[in-house]
Amino acid sequence: MKNQTIAHLRKILDAKEMSVAEVVASYRDRISAHDQDVNSFITQNDETHVVEEGAQQAIYQGAQNMLTGIPYAVKDLFCTKNLRTTAGSNILKNYIPPYSATVIDRCHEAILLGKTNMDEFAMGSSNEFSAFGPVRNPYDPTRVAGGSSGGSAAAVSAGFVPFALGTDTGGSIRLPASFCNIVGFKPTYGRISRYGVIAMASSLDTIGTLTNTVEDAALLLNVLSGEDNRDATALARGQEDFTRLLSHGMKGMRIGIPKEFRDMKGCDAEILARYEESISHCAQAGAAIVDVALPHTQYALSTYYVLVPSEVSSNLARYDGMQFGERADTMNELEHVIEQTREEGFGPEAKRRIMIGTFCLSSGFVDAYYNTAQKVRTVISQEFDRVFTNVDVLFSPVSPTAAFRLGERLNDPVKMYLTDTFALPSSLAGLPAISLPAGFVGGLPVGMQFIAPQYQEAKLLGIAHDFSQTFPRDDRPLAFL
Amino acid sequence: MSTPVYNIHELAQFAKFALTPNEEHLFRENIQCILAEVEKLHDVDTTGILGTHIVTGLHTITRADHAHPATLRTELLAAMPCARHDFLEVPPFFKGKKEKSAPLSAAHSV
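In order, the protein sequence lines correspond to chains A and B. Counted from 1, the first sequence has number 149 at position 150 by numbering that gives the first Met the number 0; the numbering is strictly sequential. Counted from 1, the second sequence has number 5 at position 6 by numbering that gives the first Met the number 0; the numbering is strictly sequential.
Chain A on its own, in the form it takes in the complex (with noise of 0.2 Å):
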């Protein structure tokens, strides 16, 4: 099951070659046979049987649609409703959502095998901030799977679902996808409704998908998008077929190599070689290859690291133990049970995060920081602007390096947060960006990266299928199998 592809599954069981429920049951075995060895799954959902019946005769009538039947996982941040949700913290370890979120819905005739692992709230860049333990990265479990999506992108790798949702708010599906050799696609902000999905970041937090290949992330893409009156940021920009330009490949595309990208400091020598390789490999398809300046990308990490602690305070401190989630057991006064609450049920990296967000809006901080962490945002944004008056996409390394020990950044938040260096930029400029699998490096998978300008992802996934087809990804064994 390995490497399956929902466009390859939908052909098995539309010629009914193997039933609904023999395809889940394969996934089903190969989940309980190595998942222990990978750690990617938070909850499992055995209470399928209903929604397989009813794929499989929607198949026998010929009514199915694209997802009809094909299981999958979600980032254990996506409220399942009667399915536990635990935003990876022991706060709501218990929690069980009283409804689905949007995008849930809309896989409805899809199976849902489980909840997947993640860095608590979101918070992370290697799944290791998980009250649930850390995800081992399927080719080397002695390293990490990347964060914080590392539960859905293993999974996708490790073949125990063909596809899974994540979130990405400054790399979070991108940078795992990179870890674990697979595809990983950010939409453009707002094209996908975030209805019922926990919120971290609400100016940044984007859905997207870990997929086997571009054109699995394309069909999602169609099922997903679109408006919904209940999430006032999702983009009400009509029905798009997002498939419809991936047959048109780079050739005459203008593809822009920052400048300050390719100079990145502390990023891996081998890596940035195979960025050049790669770049070669796109000229060789027939782009242009434009050399570009971005220089404001350097401030995005303290841009990213003072807006994201400031969202993430004040959407977290609804994490009080009154209403939902676990609540201290103590017999004290109401301060004091909040504050017990909060420090039982939250971990190191969410109480940083709140820490630091809650200082950059205090008063008498709040315009030396958080305002001017938004002006910086818009100096940002503006620069890309400019560059794709001249390029169709960006090209660049998804992280400085490939996937780190276990451990190795724990007590480094800084180096932590240097992991996602590449990925920041184009988050804060809400621009659709879709990780590519670019190889081996010291055994390692790394990813390469496309980004677009905003509501381009149809352009930008065409590109990306010319690249992933004419640069196949290396398909050598897990570490498990």
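Calculated directly from the structure, the hints in this document are not laboratory data. Keep in mind that a hint or two might mislead.
Unchecked claim - Here are the simulated EDC-like pairs of lysine to aspartate or glutamate, each with C-alpha atoms no more than 16 Å apart in a straight line: (1) Lys15(B) - Asp45(A); (2) Lys374(A) - Glu28(B); (3) Lys15(B) - Asp139(A); (4) Lys414(A) - Glu28(B); (5) Lys15(B) - Glu342(A).
Unchecked claim - If you want a taste of the chain B side facing chain A, the calculated C-beta under 10 Å gives, among others: (6) Tyr5; (7) Gln12; (8) Leu18; (9) Ile30; (10) Cys32; (11) Asp42; (12) Asp44; (13) Thr51; (14) His52; (15) Ala63; (16) Asp85.
To be verified - Here are the simulated distance ranges between beta carbons: (17) Ala316(A) - Pro91(B): 15 to 25 Å; (18) Ile95(A) - Asp64(B): 54 to 64 Å; (19) Arg317(A) - Gly56(B): 39 to 49 Å; (20) Asp85(B) - Asn2(A): 37 to 47 Å; (21) Pro91(B) - Arg317(A): 34 to 44 Å; (22) Arg72(B) - Gly265(A): 47 to 57 Å.
Here the structure is a predicted model, which means the values were calculated and not measured. Ideal placement from N, C-alpha and C gives every residue a C-beta, glycine not left out.
Given chain A, put chain B in place with the hints provided.
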């Protein structure tokens, strides 16, 4: 601008955490490093620049003001850490002090 000085204990209280002494020590160091890193924001000339509040430029998004029946009361009560007599129960604000409850009409009089 130099890295600001702050009291970690007060900051934790403001953020509604009851940190242990070890945590206070750890987070004081961590936050100091992170604030030192973000200081470079102040190198950027932002004269005349407006902040980005929503990156896709949306504003004043509205929808029709239709009321829908609230059907999730039972489920919401089930998710509460402590519910009693069909209501959310919260810890006392003042422990051990008895207050004379004001009549409901007086409490809600305008």
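Structure-based check of each hint:
no.	hint	result
1	Lys15(B) - Asp45(A)	38 Å, violated
2	Lys374(A) - Glu28(B)	28 Å, violated
3	Lys15(B) - Asp139(A)	39 Å, violated
4	Lys414(A) - Glu28(B)	14 Å, holds
5	Lys15(B) - Glu342(A)	8 Å, holds
6	Tyr5	6 Å, holds
7	Gln12	8 Å, holds
8	Leu18	7 Å, holds
9	Ile30	6 Å, holds
10	Cys32	5 Å, holds
11	Asp42	8 Å, holds
12	Asp44	9 Å, holds
13	Thr51	4 Å, holds
14	His52	7 Å, holds
15	Ala63	8 Å, holds
16	Asp85	14 Å, violated
17	Ala316(A) - Pro91(B): 15 to 25 Å	21 Å, holds
18	Ile95(A) - Asp64(B): 54 to 64 Å	31 Å, violated
19	Arg317(A) - Gly56(B): 39 to 49 Å	28 Å, violated
20	Asp85(B) - Asn2(A): 37 to 47 Å	52 Å, violated
21	Pro91(B) - Arg317(A): 34 to 44 Å	21 Å, violated
22	Arg72(B) - Gly265(A): 47 to 57 Å	53 Å, holds
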